[in-house]
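For this one, chain H is given, so just place chain Y on it according to the hints.
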Amino acid sequence: MKRRVFVTGIGLVSPHGCEPQEVFRRLYAGESAIRKVRTGTAEYGSDVLLAPCGLSTQDVIPKSQSFVMDRVSKLAVVAAYNALNSAGLLESEGHCKKPSAAVYMGCGLGGSQSLEDAYRAYWEKRTRKPKPTSVPMIMANAPAAHISMRFRLNGPSLTYSIACASSAVAVGEAFRAIRDGYSDVAVAGGTESMINDGSISAWEMLGVLAKEHESGAHASSRPFAVDRTGFVLGEGAAVLILESEESVLARETNALAEVVGYGVSNDAHNLTQPAVDGQVLAMRAALSDASLEPLLVDYINAHATATPAGDLVEVQAIKQVFGEKPRGLAISSTKSMHGHLVGAAGALEFLISVLALAEKKIPPTAFLTDPDPQCDLDCVPCVGRSAPSLRYAMSNSFAFGGTNASLLARAV
Amino acid sequence: MSSYEDIKELLVTKFEVKPELIEPGATLADLGLDSLSTAELIFDIAEKYDLDIPDNRADFTTLGEAVKMVDELRRAKVGSA
Chain H
0 MKRRVFVTGI
10 GLVSPHGCEP
20 QEVFRRLYAG
30 ESAIRKVRTG
40 TAEYGSDVLL
50 APCGLSTQDV
60 IPKSQSFVMD
70 RVSKLAVVAA
80 YNALNSAGLL
90 ESEGHCKKPS
100 AAVYMGCGLG
110 GSQSLEDAYR
120 AYWEKRTRKP
130 KPTSVPMIMA
140 NAPAAHISMR
150 FRLNGPSLTY
160 SIACASSAVA
170 VGEAFRAIRD
180 GYSDVAVAGG
190 TESMINDGSI
200 SAWEMLGVLA
210 KEHESGAHAS
220 SRPFAVDRTG
230 FVLGEGAAVL
240 ILESEESVLA
250 RETNALAEVV
260 GYGVSNDAHN
270 LTQPAVDGQV
280 LAMRAALSDA
290 SLEPLLVDYI
300 NAHATATPAG
310 DLVEVQAIKQ
320 VFGEKPRGLA
330 ISSTKSMHGH
340 LVGAAGALEF
350 LISVLALAEK
360 KIPPTAFLTD
370 PDPQCDLDCV
380 PCVGRSAPSL
390 RYAMSNSFAF
400 GGTNASLLAR
410 AV
Chain Y
0 MSSYEDIKEL
10 LVTKFEVKPE
20 LIEPGATLAD
30 LGLDSLSTAE
40 LIFDIAEKYD
50 LDIPDNRADF
60 TTLGEAVKMV
70 DELRRAKVGS
80 A
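Each protein sequence line maps, in turn, to chains H and Y.
If you count the first sequence from 1, position 165 lands on 164 in numbering that gives the first Met the number 0, and the numbers rise without skipping.
If you count the second sequence from 1, position 10 lands on 9 in numbering that gives the first Met the number 0, and the numbers rise without skipping.
In isolation and in its complexed conformation, chain H is listed as follows (with noise of 0.2 Å):
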C-alpha cells in the first residue's frame, strides 16, 4: 500500500537567511546573497565569489555540545529546529514530539572545517595531536546524528553523501520511507559548509568556479547565460518535515505541499561531465513514479549551475523529458541568487519550489540579461512571476559521479 506524503514544516539558515518567507521574497525580488569574501592566510589567501550565511545556534544548540561539532552539524541542527518548530513538533523541552521520526540528511563534505584544522595542526603547527574530537566532527554522518541527539529521535538516522545531489536523494529516500510504511515522520533535508581556504582553493582548481561579473560581484553567478562562467559556492542548511497523511490527519495540522514523486538515475559516464540521457531518465523517473503527464508540470527549478556544459545538458534533457517548446513549463535556477550549496543545494532547492507552490510565485533566474541561444527555454528572467494556476513543480539535482535526483511536489 503506497501511503501519501505531505511537507508540513520547513527550516532554513540560508545565505538569505533563516526566515522561508522572507528568503522566498528576496528570491522572488531576484537579490542576489552572492558576494566577495576574503579567505584563507595572510599569505595564500585570495577574495573569493561566496554567498555565505550567518549562524546563531542561541537556544538551540548548548555549548555543551557546541565544543564538539563542526559548523556544517550546527547548521544542520538548527535547520532541523526552525522545521520542527514550523511544523508544530516541537515539546516545550525542545524534543521532538514523534520520537520514531527519521533522518535523512545529504551532506557532501562532511565537517571541512575540522578537517582543515587537523591538517593545520600536523603541518603548520608540527604535531601528532589534532583536536581529540576530529573525527567525530569531521564524520559526515555528523550532522544527521546531533539531529537524532538534540531532537531524541530514534528511528533511522541516515546519510547520503553524493555531492549535489545528496540532499535531493535524502529527501526522496525519506518520501519513499514513509510512502512505503517504513516512517511515519522524517526530519529530510542536507547541510554544507566548506567556506574554508583548503576546499575552496580545491574548487578552484576544478576550473567549475564563476569569474567575477564585470557588473558586480552579486551578479556573478549567471545559468542560462551567454556570459556564464561556472558557479559560486554557498553554505547552508534546508530541512523539510515530511510526514505521513494518516499523521498529518491525526495531528490536524496544515500542509504547505504533497510530494509526489522522486527519480533517481546515473549517467555511468563520467565523473563531471554531465549527460543528456542520465538526466532524461531521473526526470522520466519521477513523473512516472507520480503518473503524471509532462505536460502537468508548471516549473522547474533547474540544478543549472551556470557552467558553459551544465546549463547547456539540462536544457537538452529537458526538452527531451517534457518537448522542443513545453507549453506553459517554467524553468528558473535560483542558484544565480543563492550560489551552490553542493550537499545542501537539492532539499534548499526543493524547498524553495514548495514556497512557489504554496505562494503562487515562480522565482527568477536573475541576471539573465543575456540568455544563451542554446538555452531557449522560457527560463523565467530577472523577474519573477505570478503563476495562479500553478500545481506541480520539479526540482532537479544532477551531481558529480553521474547521479541525477528529481523531485515532484503538488500544490494541496
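In case anyone wonders, no lab produced these hints; they're calculated from the structure.
From a predicted model like this one, the values you see are computed outputs, not experimental measurements.
Incorrect hints may have been included.
The calculated SDA-like cross-link candidates involving lysine to any residue, where the alpha carbons are at most 20 Å apart (straight line), are [as the list claims (entries may be wrong)]:
| hint | chain 1 | residue 1 | chain 2 | residue 2 |
| --- | --- | --- | --- | --- |
| 1 | Y | Lys-13 | H | Lys-124 |
| 2 | Y | Lys-13 | H | Gln-64 |
| 3 | H | Lys-130 | Y | Asp-43 |
| 4 | Y | Lys-17 | H | Lys-128 |
| 5 | Y | Lys-47 | H | Pro-131 |
| 6 | H | Lys-130 | Y | Ala-38 |
| 7 | H | Lys-124 | Y | Tyr-48 |
| 8 | H | Lys-124 | Y | Arg-56 |
| 9 | H | Lys-130 | Y | Lys-17 |
| 10 | H | Lys-62 | Y | Leu-20 |
| 11 | Y | Lys-13 | H | Val-59 |
| 12 | H | Lys-62 | Y | Lys-17 |
| 13 | H | Lys-128 | Y | Arg-56 |
| 14 | H | Lys-130 | Y | Glu-46 |
| 15 | H | Lys-124 | Y | Glu-46 |
Same frame as chain H, but now just chain Y:
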C-alpha cells in the same frame, strides 16, 4: 591562577558544568563529562600549559586527581627548563 581555578573556569565556560557541582572529590562523570568531553578537557589543559600529557597520566577519575596530575607536570616542566 592555580590549575584548579583554571580547570574550574574551563569546566564552567566550555562544558557548562554547574559551579556548585565542582569540588575536588567530584568525578568527571559526576560533572557530566563523557569520554569525548574528557578527552577535549585534557587536550585543552595540555594546550593551555603547553604540556605533553602521557596516556598513563591521563588515567584519573576525580577532579582533584586531574589537578594533581597537571600540577606535577607543570612543576616538572619548570624544573626541566
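Among the hints numbered above, which are violated by the structure, and what are their numbers in rising order?
1, 4, 8, 9
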